[in-house]
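> Letter by letter, the chains look like this.
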Amino acid sequence: MPDLAQFQDAFAEALLAPEPVGRLARAPGFAVYRNTCAHGIVEALRAAYPTVDCLLGEDGFTAAALGFRAEQPPASPVLSRYGAGFPGFLARQPWTSELPYLADVAMLDRLWLEAHLAADRIAPRPPAAAAFQPLRLALHPATRFAWLETPAVTIWLAHRSADGFDDLAPEWRPEGALVTRMGGAALLQPIRRIEHRLLGAVAAGASVPRLGETLGREADLPTLIARLIACGAILPV
Amino acid sequence: MIPTAGLSFKAVHLAEALAAPAAGLWFEVHAENYMIDGGPRLAMLETLRREKPLSLHGVGLSLAGAADPDADHLAALKSLVRRFQPFLVSEHLAWSRSGGTAFPDLLPFARSREALARVARNIDIAQGALGRQILIENPSLYLALDGHDWSETDFLAELVRRTGCRLLIDVNNVFVSARNLGFAPESYLDALPVEAIGEIHLAGHKPDPALGAALLIDSHDAPVADDVWDLYARLLARMGALPAPTLIERDGDIPAFATLMAERNRAAALMRHRGRAPAYA
Chain A
1 MPDLAQFQDA
11 FAEALLAPEP
21 VGRLARAPGF
31 AVYRNTCAHG
41 IVEALRAAYP
51 TVDCLLGEDG
61 FTAAALGFRA
71 EQPPASPVLS
81 RYGAGFPGFL
91 ARQPWTSELP
101 YLADVAMLDR
111 LWLEAHLAAD
121 RIAPRPPAAA
131 AFQPLRLALH
141 PATRFAWLET
151 PAVTIWLAHR
161 SADGFDDLAP
171 EWRPEGALVT
181 RMGGAALLQP
191 IRRIEHRLLG
201 AVAAGASVPR
211 LGETLGREAD
221 LPTLIARLIA
231 CGAILPV
Chain B
1 MIPTAGLSFK
11 AVHLAEALAA
21 PAAGLWFEVH
31 AENYMIDGGP
41 RLAMLETLRR
51 EKPLSLHGVG
61 LSLAGAADPD
71 ADHLAALKSL
81 VRRFQPFLVS
91 EHLAWSRSGG
101 TAFPDLLPFA
111 RSREALARVA
121 RNIDIAQGAL
131 GRQILIENPS
141 LYLALDGHDW
151 SETDFLAELV
161 RRTGCRLLID
171 VNNVFVSARN
181 LGFAPESYLD
191 ALPVEAIGEI
201 HLAGHKPDPA
211 LGAALLIDSH
221 DAPVADDVWD
231 LYARLLARMG
241 ALPAPTLIER
251 DGDIPAFATL
261 MAERNRAAAL
271 MRHRGRAPAY
281 A
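Chains as they are written, first to last, in my numbering: chain A, 1 to 237; chain B, 1 to 281.
Worth flagging that the hints you see were computed from the coordinates, not collected in a lab. Warning: the hint list may mix true and false statements.
Claimed, not checked - Beyond 12 angstroms from chain B on every Cβ pair, some chain A residues (computed):
id: 1; residue: D59
id: 2; residue: T62
id: 3; residue: S80
id: 4; residue: G85
id: 5; residue: P174
As the list claims (entries may be wrong) - So the derived list for chain B, only partly shown, Cβ under 7 angstroms to chain A, looks like this:
id: 6; residue: G38
id: 7; residue: G39
id: 8; residue: P40
id: 9; residue: G100
id: 10; residue: A102
id: 11; residue: P104
id: 12; residue: R118
id: 13; residue: Y142
id: 14; residue: S219
Said to hold, decoys possible - Where chain B lies over chain A, by a calculated footprint (3+ residues, C-beta under 8 angstroms):
id: 15; segment: 38 to 49
id: 16; segment: 66 to 76
All C-beta atoms in this analysis are idealised placements derived from N, C-alpha and C, irrespective of residue type, glycine included.
My request is simple: use the sequences and hints to build the entire structure.
Structure (structure tokens):
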């Protein structure tokens with residue numbers, strides 16, 4: 001009898017193999033373990049990427065998830081966090097060239113999930129907007145943002161909307177997304193390029209005076225900052 | 001309040017769970033689902049914990065793994081235990097990690113002398129890190145493996161003796177394993193060290209889609225089967241005056257809260273009437 005480590009290595013290899021061979025693989029009960037492992041991972045990914053699931057359909061998503069699992073199996077039993085590499089995996093698949101927005105939509109699912117699971121932080125009550133001139137700002141731990149080359153934000157919002165999307169025909173142009181978590185639920189909204197640049201500068205640790213230099217004189221900095229504080233994306237520190 | 005019969009907690013049932021007046025009602029969650037930094041999921045568990053006793057059921061420590069339990073995972077579990085003060089913490093007699101890969105399943109192994117020493121060591125490490133006793137659950141088995149030096153009941157009893165852990169006996173797992181591997185579930189229950197049982201699980205199973213009743217799957221997506229209720233009554237009769245808190249475990253095809261409560265109330269009634277002659281006689 002092989003020792004515990006040898007047995008587990010061989011068992012694990014057979015669980016991950018595309019078509020396992022050998023005595024273990026021939027036992028009917030072995031398929032139960034294989035199926036349970038695959039099912040657990042596919043369903044964890046489906047829960048994390050509901051919009052991608054909606055776009056690909058159940059069978060299409062399952063095939064994509066199994067492909068991803070073969071390339072990047074989970075390293076941790078905490079499956080809530082599994083699948084960070086899924087958007088990048090989708091972008092590399094030849095078949096997604098027909099769905100050029102798919103990887104960006106997957107990225108938005110991921111950003112929403114990260115915001116949903118991120119640490120809590122109570123925002124200080126913002127003072128009256130007119131008198132308010134903080135020197136430094138920080139991102140809330142749940143804040144996520146991205147600038148995407150496809151209209152993925154419009155597509156994502158349409159699929160997540162309760163109203164449905166009978167005649168979705170987005171204008172083909174880059175879009176920005178901001179996810180915040182005010183109160184309970186994570187909320188994704190479109191943002192303009194200048195808001196994305198401001199968030200990037202805050203993330204990089206720029207002081208408020210420096211933000212002014214970065215964004216240029218035309219930017220209405222107080223209004224931009226007030227809006228991003230009001231939606232919980234940034235906090236005065 | 002003394003916890004009697006409980007339910008797997010489902011987020012869709014939060015309002016009903018909080019409002020349920022049943023005496024002794026408690027809830028169990030998978031610890032791994034709450035190993036996150038913050039947000040509404042943890043807030044929801046805080047809300048539940050304020051109203052009802054909570055049990056943390058781990059699925060990822062890989063106590064039967066050939067390596068020590070993962071230190072980060074153990075730290076995350078410890079942090080949850082500190083925050084939520086569960087009245088029970090449990091894990092499985094199984095492994096789920098190998099060579100840097102995690103498997104979302106509870107995998108089998110030969111109950112060899114080497115395995116006994118390894119599992120006992122891993123339970124020691126876990127209990128030491130958590131600063132408390134944990135319960136170890138018998139797995140559902142699908143494969144007859146070679147190389148067992150111990151029966152499962154003797155293996156569990158020996159773990160209790162060596163580590164001071166207690167046992168979580170999943171009666172459905174006993175039934176499923178007995179069917180799949182060909183042993184008598186009654187003999188298994190009769191061989192358990194009942195004084196070490198700190199929790200009981202009851203769940204539903206399904207026949208394998210391809211092989212039918214020749215291979216039962218511990219699917220947790222169906223009501224508890226009559227055969228399993230009979231075995232539960234038999235185990236309660238053995239336990240006598242001290243029945244263990246009992247959970248109706250349901251993870252798939254979730255029915256209405258009232259349907260789960262009906263099963264839960266059936267378990268609570270059996271616990272109350274434990275002194276009576278068991279029905280299976």
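> Hint by hint, which ones does this structure get wrong, listed from lowest number up?
Failing hints, ascending: 3, 14.
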